[in-house]
Structure formats: C-alpha cells, structure tokens
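> Construct all of the structure, not just a fragment, from the sequences and the given hints.
Going down the list, the protein sequences come from chains G and W.
To convert a position in the first sequence, counted from 1, into our numbering, add 107.
To convert a position in the second sequence, counted from 1, into our numbering, add 8.
None of these hints come from the bench; they were simulated from the model.
Among these hints, one or two may not hold up.
Simulated coverage check for chain G against chain W, where a stretch passes if three residues somewhere in it have a Cβ under 8 Å from a Cβ of chain W [as the list claims (entries may be wrong)]: (1) 183-191; (2) 289-296; (3) 384-396.
Model, not experiment: these values are computed from the prediction.
Ideal placement from N, C-alpha and C gives every residue a C-beta, glycine not left out.
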Amino acid sequence: MTRRLVGLFIILAIAWGGLAAVLAFDMSPRLGLDLQGGTAVVLEAPAGTDPELLEVATDIMTRRIEDFGEVQEPEITVSGNDTVVVQLPGVEDEQRAIEAVGQTGLLSFRPVLEVIPGTTSPLAGTGTPGIDDETGLSIEDDISKDAYLGYSSSFGDEVLHVGPAELQGEDVDEALPFFDTTTGIWTVTLDLTPDGGEKFAQLTAEAAGFPVGDPRRQIAIILDGEVISAPSVNPDVRPETGISGGRALITIGSDAEAQQEAQDLALTLRYGSLPVAFEVSAVQKVSATLGTDSLQSGIVAGILGLALVVVVLLVGYRSMGLVAIAGLTVFGSLLVALFGVLGRWQGLTLTLAGVTGIIVSVGITADSYIVYFERVKEKIREGLAVEDATEEGFGLAFRTILTADTVSLLAAILLWFLAVGAVKGFAIALGLATILDIFVARAYTRRAVRALAATSLGSGGWFTIEGAAR
Amino acid sequence: MSTLSRLNRGETTIDFVGKRRRWFTISAIALLISLAGLGIRHLNLGIEFVGGLTLQAPNPAGAEVGEVRSALETAAVGDATIQLLDDGEAVRVTTRELDTPAESAAVDAIAGVTGSARTEISIEAVGPSFGALVARRALVALGVFLGAVALFISWRLELKMALTGLAALFHDLVITVGVYALTGFAVSPATVVAVLVVLGYSLYDTVVVFDKVSELVVLEEEKTFTAIVNQAMNSVLARSLATSLTSLLPVGSILFVGSFVLGAATLGDFALALFVGIAAGTYSSIFVAAPLLGTWKEKEPAWVERAEWVQRRSKSGRR
Chain G
108 MTRRLVGLFI ILAIAWGGLA AVLAFDMSPR LGLDLQGGTA VVLEAPAGTD PELLEVATDI
168 MTRRIEDFGE VQEPEITVSG NDTVVVQLPG VEDEQRAIEA VGQTGLLSFR PVLEVIPGTT
228 SPLAGTGTPG IDDETGLSIE DDISKDAYLG YSSSFGDEVL HVGPAELQGE DVDEALPFFD
288 TTTGIWTVTL DLTPDGGEKF AQLTAEAAGF PVGDPRRQIA IILDGEVISA PSVNPDVRPE
348 TGISGGRALI TIGSDAEAQQ EAQDLALTLR YGSLPVAFEV SAVQKVSATL GTDSLQSGIV
408 AGILGLALVV VVLLVGYRSM GLVAIAGLTV FGSLLVALFG VLGRWQGLTL TLAGVTGIIV
468 SVGITADSYI VYFERVKEKI REGLAVEDAT EEGFGLAFRT ILTADTVSLL AAILLWFLAV
528 GAVKGFAIAL GLATILDIFV ARAYTRRAVR ALAATSLGSG GWFTIEGAAR
Chain W
9 MSTLSRLNRG ETTIDFVGKR RRWFTISAIA LLISLAGLGI RHLNLGIEFV GGLTLQAPNP
69 AGAEVGEVRS ALETAAVGDA TIQLLDDGEA VRVTTRELDT PAESAAVDAI AGVTGSARTE
129 ISIEAVGPSF GALVARRALV ALGVFLGAVA LFISWRLELK MALTGLAALF HDLVITVGVY
189 ALTGFAVSPA TVVAVLVVLG YSLYDTVVVF DKVSELVVLE EEKTFTAIVN QAMNSVLARS
249 LATSLTSLLP VGSILFVGSF VLGAATLGDF ALALFVGIAA GTYSSIFVAA PLLGTWKEKE
309 PAWVERAEWV QRRSKSGRR
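This is the structure in structure tokens:
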C-alpha cells in the first residue's frame with residue numbers, strides 16, 4: 108500500500124514539478140502568429156517572374172523553414188505580382204528572421220578545372236573584367252561562365268577555378284544524409300531527376316577521364332557563388348560511363364562533425380535552390396492577429412467547459428471522478444511542459460487552434476478514464492470485490508485504449524511526415540497527447556484507482572467506486 | 009428502473025441492428041441536406057485559401073487590433089485579419105476580395121480609426137497562404153492515413169470492421185462539411201485541423217465500439233451476430249454518451265460562450281467543425297457503423313448457420 112502511494116506521489120511530482128520547472132526556466136510554450144505575432148520578411152522577386160514559379164518558391168521555403176527546425180508554422184503569402192511576405196512566429200531578432208528565410212538562390216554542379224592553393228588567383232592585378240583586382244576571385248557568379256571561387260577544404264585555403272554549370276538545383280530530386288553502420292561513415296545519397304541523371308553521368312564521365320589524384324576529378328557544388336563541397340569522383344568510376352543511373356553517394360567522413368556536415372549538405376542539395384532570386388525589401392515586426400480580448404474569451408470559455416467536464420465525471424463516476432480530474436491535470440501539465448521544451452528545441456509554436464486542440468484533447472482523454480471506469484462498474488456488477496474489479500477492469504480497458512490510441516498515433520505520425528504548416532502543428536499536438544494518454548493510463552490511473560479502492564472511498568456509500576456501479 | 013439508471017448499468021435493450029432502417033433514414037436525410045447545402049451554397053473559403061486584399065496604413069492614432077476590428081465590422085467588413093506593424097506604427101488589414109463600395113468603406117473605416125489620410129493607405133492583392141500545394145499535400149497525407157488505418161483495423165479486428173468504420177467516417181465528414189456550407193461559416197486552416205480532429209475522433213470512437221463487439225464474439229457462443237452487436241452497443245452506450253459529453257462540453261462552451269456571447273468569431277469557425285463532427289462521430293459509431301456491420305456479417309455462411317441453429321433451439325425449447 109505505502110509503495111503504491113509513493114509511486115503515485117512520484118508521478119504527480121514529475122508532472123506538476125515539470126510544469127513548474129518549464130515555466131520557471133522561461134520555457135513556456137512559444138505562441139503562434141495569431142497569439143503573439145513575430146517578424147515579417149518582405150521579399151521582392153525580379154519583375155515579370157512567372158506566378159507559378161513564385162508558388163513553387165513559397166512551397167520550397169515553407170518546407171525549408173520547417174526542416175531547419177528553428178521556426179514552425181510560418182505564414183507565407185504572395186502579395187501583388189512579385190512580392191512574397193514571410194511571417195515568422197515568435198522571432199524577434201531581424202537577423203535571425205532573414206537567416207531562417209534564407210534567400211539563397213542558385214545551386215549548381217560544376218567541373219573543377221584547376222585548384223590553386225592560397226586565397227588569391229593568378230588573375231589578381233591583371234584587371235580582368237568581372238574579377239576582383241586584389242584577390243583575383245570572381246565578383247559576380249555567372250553560372251554560364253568560368254569562375255574563380257575561394258574554398259577552405261581539409262587541405263586549407265584554396266581557389267577553385269570552375270567551368271560553367273552543368274547541373275542545377277532543379278536536377279536534384281532528393282538528397283538524404285545516411286549513416287553506414289558497418290563502416291561508421293556518414294554519406295549523402297543524391298537522387299537526380301531522369302534529365303539530371305544524364306547530365307550528371309556526362310559530368311562525372313569527363314572528370315573520371317583524369318588520373319586519380321588530379322584535382323580535375325573534383326565536382327564543385329556551389330550555392331550562390333559559395334563552394335559548399337567539392338567531392339572527387341571515386342577511382343572505380345569508368346570514364347566511358349561516368350556515374351550513371353541518376354544516383355550518387357557523397358562520402359563525408361566519420362569524424363565528429365561529419366553528421367552535421369552530411370545533414371547540412373543534404374538540406375542544401377534538397378532545398379538549396381529557389382527558382383527565383385529574391386531580394387529582402389523590408390523586415391517588420393508584426394503584432395498578433397487576435398486581440399487579447401479574443402484570447403481571453405477563448406480561455407474563459409475553455410475553463411468553463413472543463414469545469415462542466417469535472418461535474419460530469421463526479422456525478423457519473425463518483426470518487427473515481429476525483430482520480431480522473433487529478434489525472435487530467437497530470438496530462439495537461441505534461442502536455443504544456445512538452446510544448447515548452449519542444450518550442451525551445453524545435454521551434455514548435457502554439458496557435459489558437461493548438462490551444463483549443465489541447466482543451467479538446469483533455470475532453471477526449473477523459474475517454475480513457477471513462478472506458479476504464481465503465482469496465483470497473485461492469486466487473487463490480489458481475490460480483491467482483493471492488494479491488495479485484497479495478498484490477499481486472501484495467502486489463503480489459505487498457506487493451507481498448509491501446510487499440511484506439513494506435514489509430515490516433517498512426518494519424519499523427521503520417522500527418523507529421525506528409526503534411527506542412529498548420530496540419531503539421533496539429534499532428535505534433537495529437538501525437539504528444541496520445542503518447543501521454545497511454546503513459547498516464549499506465550503509470551498513473553491504475554495506481555491511483557487501486558489506492559482509492561483501499562480507502563473509505565472504495566466501497567460503502569454514494570460517493571464511492573461501488574456507489575458508481577449501483 | 010428509470011431509463012437513466014438502466015443506461016448507467018448497461019441494461020438498455022435497444023435493437024440497433026433490427027431498427028436499422030430508422031437510423032439509416034435519419035443519416036440519409038442528414039447526408040442529403042449536407043450534399044444539397046454543398047451543391048447550392050458552396051463553402052465559404054477563407055482568405056488563407058483564396059487570397060484577398062491587404063490594406064496597409066500608418067497609425068498615428070495608435071489604434072489597437074480590437075479597435076480596428078470593430079471599426080471594420082461597423083463598415084460591414086467581417087472576417088478580416090488585423091496586424092500591427094513595428095509596435096503599432098502601422099496597421100495591416102487582410103480581407104477577402106472586396107467590391108468597389110466595400111473597399112471604399114473599408115478604407116474609410118481604417119483611415120478613421122488610425123487617423124491616417126485615405127491616400128496614405130496602400131492596397132494590394134494577396135495570394136492564398138494555404139496554397140494549392142499545401143492543400144494537395146494534406147490530401148495525400150489523408151489518403152495514406154485512411155489506407156493505413158484500414159490495414160491496421162483489418163489486422164487488429166477485421167476487414168469488414170475497417171470498411172464500415174471508414175463508411176461512418178465518410179458520413180461524419182460529409183455532415184461536418186455540409187454544416188459549413190449551410191451556415192456560411194468561413195473555412196480556415198484551423199477548420200481543416202478541426203476536421204482532422206473529427207476524423208480521428210470518429211475512427212477512435214468506432215474502434216472502441218467494435219472492440220467490444222469482437223470481445224463478445226469470442227465470449228457469446230450461442231448468439232446470433234445481430235444479438236451480439238446489440239448487446240455490445242447497449243453495454244457501451246453509457247460510455248459513448250459520457251465520452252461525447254466530456255468532449256462536447258469544452259467545445260460547446262467555446263462555440264457558444266466564446267463566439268456568440270464574448271464575440272470571438274475566429275474561435276467559432278473552429279469550434280463549429282468540432283462540435284458537429286464529434287456529435288456526428290458518436291452517432292455514426294453506434295447508429296451507422298454497428299448496424300452496417302451487423303447486417304453485413306449476418307450474411308456470412310457461418311453466422312447464417314448460427315442464426316438457424318439459434319432459431320431451431322428456441323423452437324425446440326418452446327415445445
């Protein structure tokens with residue numbers, strides 16, 4: 108008995124303590140654009156940009172912002188003919204806002220023609236047009252011409268002399284970081300479109316024609332004039348075919364930074380190229396779209412609704428209702444704490460829809476208690492003693508809860524992987540709520556009802572477990 | 009014994025499967041009204057889906073979001089999104105497409121409340137923020153989800169339960185969307201989320217109900233499938249009603265108190281979908297999914313045999 112009670116108190120302490128800690132460490136959940144506002148970045152596309160390209164660009168931006176994990180649920184709108192407004196919830200710092208939007212433009216794959224050690228090229232001081240006279244590097248990156256670009260590789264500072272681009276960002280279909288568990292090496296798998304695959308085979312065939320060790324075996328991956336990576340074609344690639352089949356592996360390495368490097372490179376390859384070269388035209392602070400009046404009335408209404416739930420649980424399930432009510436505060440505390448932590452780590456934001464979702468999920472989570480309590484009542488009517496009924500009832504109820512929650516969890520996981528924006532936010536809330544529901548049922552509810560059964564609230568009068576069944 | 013206490017004890021004797029014509033008629037009428045509503049009135053899609061106008065004005069008077077909203081509502085421009093820029097130095101209002109007199113009224117209202125001149129207000133068209141690509145991806149996600157759920161329920165329970173469960177889900181979806189067409193409430197991304205909640209709830213509820221059926225199929229070896237479904241429904245009726253009550257109370261409170269009494273229209277759009285959907289979800293689990301399952305399974309050879317055997321036995325017992 109005392110051991111059970113200790114376990115129970117530990118659970119309550121974790122839940123309520125967790126909430127208190129999160130609030131104390133200023134990790135209260137991050138609020139969305141509608142509740143808190145944020146920063147808007149206004150981007151201008153060159154005049155006469157195809158509206159369809161703008162839509163593709165906003166789609167890529169949405170995914171990129173969400174994938175980089177700093178900010179969730181940005182709102183991106185095309186305004187007028189060539190302006191895109193990106194609103195980022197909760198971001199106060201202008202510089203961070205611009206970084207998150209990342210107005211990177213052109214991704215290109217180019218053959219390396221020569222590698223010059225140091226930071227200057229032989230063209231320094233020659234007065235060649237388009238070349239910085241001091242460093243000899245290209246000033247503007249025109250991907251249809253040769254260029255001299257600085258690069259710091261593992262061998263130190265180098266200048267790469269590269270040829271015109273042979274592939275661009277749109278030729279990349281997918282790029283993913285990959286860890287080979289047998290060799291312990293991080294790589295990036297690169298999948299190209301059919302058209303890109305042919306161009307890539309051509310490019311690598313040319314590079315494979317040079318002897319191993321020649322710098323011209325390298326392919327430079329360049330984003331907006333900046334060399335991101337310059338891997339060499341492997342010795343076993345034959346110059347007749349190049350790397351065919353539209354698929355390539357870029358080996359990164361096995362050191363501590365390799366994982367981060369592989370992930371960053373994959374992201375750059377995947378989303379690095381927007382089909383439109385945007386310019387930032389303004390950065391503004393934006394206020395919440397809902398006045399505090401709306402928020403307050405929503406909260407008042409939510410609390411009122413939950414108060415009614417409390418009444419229903421007490422009348423329907425008597426003393427077991429107390430367990431459910433305490434349990435719902437455990438559930439609510441853990442959920443808010445998780446939102447706080449994930450807001451800090453993953454940029455998860457709570458919009459009004461999310462807040463309402465939490466209020467609703469508390470109502471729906473009450474179902475797990477109801478399923479259980481109904482089972483207990485059923486078992487008592489079958490003639491079991493109160494304590495046995497709470498045990499047997501739990502086994503049966505937990506099976507049902509698990510099946511039903513699996514459906515919810517399935518929904519959450521699939522929506523999280525497949526959807527974007529507000530729907531993704533919902534998926535996170537649903538997934539967290541479902542996992543917590545199973546956890547709370549297992550760790551808290553069972554212990555609490557068993558403890559209750561042993562007290563004077565177990566059997567006897569109206570306000571007891573037995574009383575609910577009669 | 010009163011109905012309420014019989015309900016509490018799971019001892020009601022409602023014939024869910026036998027009276028199916030009654031339940032199916034009710035559902036058919038609701039579905040028809042919903043579909044007619046969709047066909048005639050169409051959905052009132054929010055700015056997030058169809059785009060609209062942004063009006064931006066300087067704000068020397070320092071108007072707050074609430075003040076701008078009430079000024080616009082007085083000018084009969086509802087459903088606007090209002091934001092203050094750079095700590096209230098300017099105001100940005102996003103509304104749906106307006107005709108010339110309405111646009112003029114909106115400009116007047118904004119000029120009045122912000123203390124700016126009409127000529128200082130810039131007007132520009134905005135595209136949807138919840139674009140076609142986002143919507144398409146959400147639909148793909150939904151399709152994959154429904155397929156996965158059908159597989160899971162088929163594996164955990166059985167195929168016919170999965171299919172009747174999805175039929176009930178479709179029923180709830182049509183009714184929820186139909187109510188939006190009929191009331192003319194704006195459909196926002198939040199509403200889409202609410203509809204997803206409804207789908208999840210509808211399936212969850214059906215699974216709980218069918219779980220009871222599959223439990224009784226193992227226990228009751230001398231009953232017809234119809235009798236088993238009826239028994240299962242009567243014993244879970246108290247739980248279904250209690251659950252829908254605990255889910256509907258907070259939602260209903262947000263819908264009625266939040267949006268009608270305290271005037272937070274944004275909440276209303278969202279809560280309406282939840283309220284209608286959860287009510288329909290509870291109804292359809294018991295009155296659509298279960299009778300459908302009962303009717304369908306009763307035709308299986310094994311259950312036909314069981315029914316004949318039960319009938320013979322009851323005759324010989326009477327003799």
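> Are the hints correct? Go through all of them and say.
Each hint, compared with the structure:
Taking a C-beta to C-beta cut-off of 8 Å, the segment 183-191 of chain G contributes 6 residues in contact with chain W, enough for the three needed, and the coverage statement holds. Coverage of the segment 289-296 of chain G by chain W is violated [criterion: at least 3 residues with CB-CB distance below 8 Å; count 0]. Counting residues of the segment 384-396 of chain G whose CB lies closer than 8 Å to any CB of chain W gives 6, so the stated coverage by that chain holds, three being the minimum.
Going through the hint list in order, the structure does not satisfy hint 2, though it satisfies all others.
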